[in-house]
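Trainee: Position in the sequence shown (first residue = 1) + 47 = the numbering used here.
Don't read these hints as lab results, they were simulated from the structure. The C-beta atom is built at its ideal place from N, Cα and C for all residues, glycine as well. One or more hints might be untrue.
What the hints assert, rightly or not - In silico lysine to aspartate or glutamate, DMTMM-like type, Cα no more than 20 angstroms apart, as pairs:
hint	residue 1	residue 2
1	Lys-233	Glu-160
2	Lys-85	Glu-149
3	Lys-96	Asp-113
4	Lys-195	Glu-219
5	Lys-177	Glu-160
6	Lys-85	Asp-206
7	Lys-125	Asp-206
8	Lys-138	Asp-113
9	Lys-200	Glu-236
To be verified - Using C-beta positions, here's what the derived DEER-type ranges look like:
hint	residue 1	residue 2	range
10	Gly-194	Ser-106	53 to 59 angstroms
11	Glu-219	Gly-140	49 to 55 angstroms
12	Glu-219	Arg-305	49 to 55 angstroms
13	Trp-289	Ser-376	29 to 35 angstroms
14	Lys-238	Asn-134	54 to 60 angstroms
15	Glu-160	Lys-138	45 to 51 angstroms
16	Val-157	Val-108	30 to 36 angstroms
17	Phe-136	Ser-106	19 to 25 angstroms
18	Val-157	Arg-305	25 to 31 angstroms
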Amino acid sequence: MRTKNLKLPYIFIFAFLAISSIANSIYAQSDNQGQIIKWKAINGITFYKFELEDSTGKSLVSENVDKNYYEIKLEVGKYRFRISALNKFNKIGRIYNWQTLEVKPVQPPVIKESPAVFNPKESGNTLEIKGEYLHRGTTVILKTPSGKTIQAKKEVLPDGSGIKIIMPENLEEGNYSLSIQNSIGKPIEQKVQLNSNVPTQISKVEVKSDSEDSYLTNNNSDNPFINSSRNKKTKFVVPMLWRSALVPGWGHEYAGKRNIASMYFYSSIVTGLYALNRYAVYNKNRDDYEEASRNYLITTLSGNSSLGNAIFFEQDISSKYNTTLNSRSQFNYSAQAFSIIYLTSLIHAIINGTQLEGSQTFQLNSTPEYFNNEMGTKYTVIYNFIY
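Start from the sequences, fold in the hints, and give me the full structure.
Mentor: Quick look at the structure:
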C-alpha cells in the first residue's frame, strides 16, 4: 500500500455492459492517455450520437461520432452513457437505454478463485480465474514445465467477476505457473497442474479484512487435492511485555508504534533522571540535618550551650529538617511519576499486544504434485516464530 498521495498514471473503467436490444456488447478500456468507450458496430449505421453524464446528472458529452467508440479522459467516479443510432440524414433513428460505468484506479490483481488442477479435455482449453481488478488490461503469462513463457489470450467474464484464459492447445502435462499482473503492483503467481486424467479442481481463496485471517479453504470438503489449515491468530503480548519491562517503549518500538515508543522512552528517561537527582539531594539534606542534630546534642551534653546558641541550633535544625522533608517529598513525587510511566507502558503493551495480529503462524498446506507419471500430494509446513 502506498501512503504517499501520488497521482496514478493509469485508470481503467471497470465495466462490461450489454445492450440486449441490439445484441451487441459495450465495454470501456483504458490507456495511458484516457479511456475508450466502445460498442460493437450496428449494421447499416454510420453515425452515432454519444451522450455521457456524471453521477449528478450533469452532461459531459453530447456529440455525433462516425466511429463505434469514443475516447475521453475521465476522473475516478461513476458515470452513465447512452448511444443513439443516426440515419443517413443524421437524425436519431433509435435511442438505446442508459448504461452505467465506473472509473476506478488501477490496483494489483486480487485472486479469489483459480484452478489447482486443470483438465483441458473437460474444460475445453479455457481456464477461469475469479477475483478483483481483473480486466482487459490484465496481463497473463503462462510458464510451462520446461521453462518456456507464453503470453496467454484472455477474455473478461460477462459478469465482470474475473477473466477466462484461453489455453494453447496440445500443451504437455505437468505443473504450470500463471503470472497475473496489472500495470502497477507486483504480479501474482498461481500454480496449476495440467492433467487430462484428473477432474478440474478449484481452489477458493477467502479474502477478508485486515482484522481477520486470510486463509485457503476448499469449496469441496471431499477434494483430496486441496486442503489448508487456517492461520493461527497470535498476539504480541509476550514479546512486547518483556521488552517494555526492560526498557519502557522498547515493546512498542518492536510493534512498529514509534511515536508511542518515543513518548514512553523519553518520558521515563526524564522522570528517572529527575528522581535520581532528587534522591541525591534528599540524601545530602538528610546528612546535613543529622549532622546538625549531633552537633547540638554534643554541645548540650558538654554544658557549653548558652541560651543564644540553643536558639541558633534549634532554628538551624528546624530549617534543615524542613528542607529534608521537602526534598524527600520531591523524590517521592518524581519516583511515583516514573513508576506511573513504567506501569502504564507495561499495561499499554498488554492492551496493544492483544489487539495486534502477529506474524507468528503455523500453517499446513497440501497441493497436488505430479511426479513420475503419478498423482500425489505435497505437504508444506510453515512456521514463523516471534522471539
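Trainee: Hints first: check each against the structure and report whether it holds.
Mentor: Do the hints match the structure? See the list:
About 18 angstroms separates the Cα atoms of Lys-233 and Glu-160, which keeps this hinted pair within 20 angstroms; it holds. Taken as a hint, the Lys-85 and Glu-149 pair is honoured in the structure, with Cα atoms around 14 angstroms apart against an allowance of 20 angstroms. For the given pair, Lys-96 sits about 9 angstroms from Asp-113 by alpha-carbon distance, which is consistent with the 20 angstroms threshold. For the given pair, Lys-195 sits about 12 angstroms from Glu-219 by alpha-carbon distance, which is consistent with the 20 angstroms threshold.
For the suggested pair Lys-177 and Glu-160, the alpha carbons sit about 5 angstroms apart, so the restraint of at most 20 angstroms is met. As the CA atoms of Lys-85 and Asp-206 are separated by approximately 17 angstroms, the hinted pair is consistent with the 20 angstroms bound. For the given pair, Lys-125 sits about 18 angstroms from Asp-206 by alpha-carbon distance, which is consistent with the 20 angstroms threshold. Distance restraint check for Lys-138 and Asp-113: the Cα-Cα separation of roughly 13 angstroms lies within the 20 angstroms cut-off, and the hinted pair is therefore satisfied.
Taking the CA atoms of Lys-200 and Glu-236, the gap is near 17 angstroms; set against the 20 angstroms cutoff, the hint holds. At about 54 angstroms, the CB distance of Gly-194 to Ser-106 agrees with the hint of 53 to 59 angstroms. Checked against the given bound of 49 to 55 angstroms, the beta carbons of Glu-219 and Gly-140, roughly 54 angstroms apart, stay inside it. Taking 49 to 55 angstroms as the suggested C-beta distance range, the pair Glu-219 and Arg-305 conforms, at roughly 53 angstroms.
For Trp-289 and Ser-376, the hinted distance range of 29 to 35 angstroms is satisfied, since their beta carbons lie about 34 angstroms from each other. Distance hint check: the CB atoms of Lys-238 and Asn-134 are about 55 angstroms apart, consistent with the given range 54 to 60 angstroms. The hinted window of 45 to 51 angstroms between Glu-160 and Lys-138 holds, with their beta carbons roughly 48 angstroms apart. For the pair Val-157 and Val-108, the beta carbons lie near 32 angstroms from each other, so the given range of 30 to 36 angstroms is met.
In this structure the supplied range 19 to 25 angstroms holds for Phe-136 paired with Ser-106, their Cβ-Cβ distance being about 24 angstroms. The beta-carbon spacing between Val-157 and Arg-305, approximately 30 angstroms, falls within the hinted interval of 25 to 31 angstroms.
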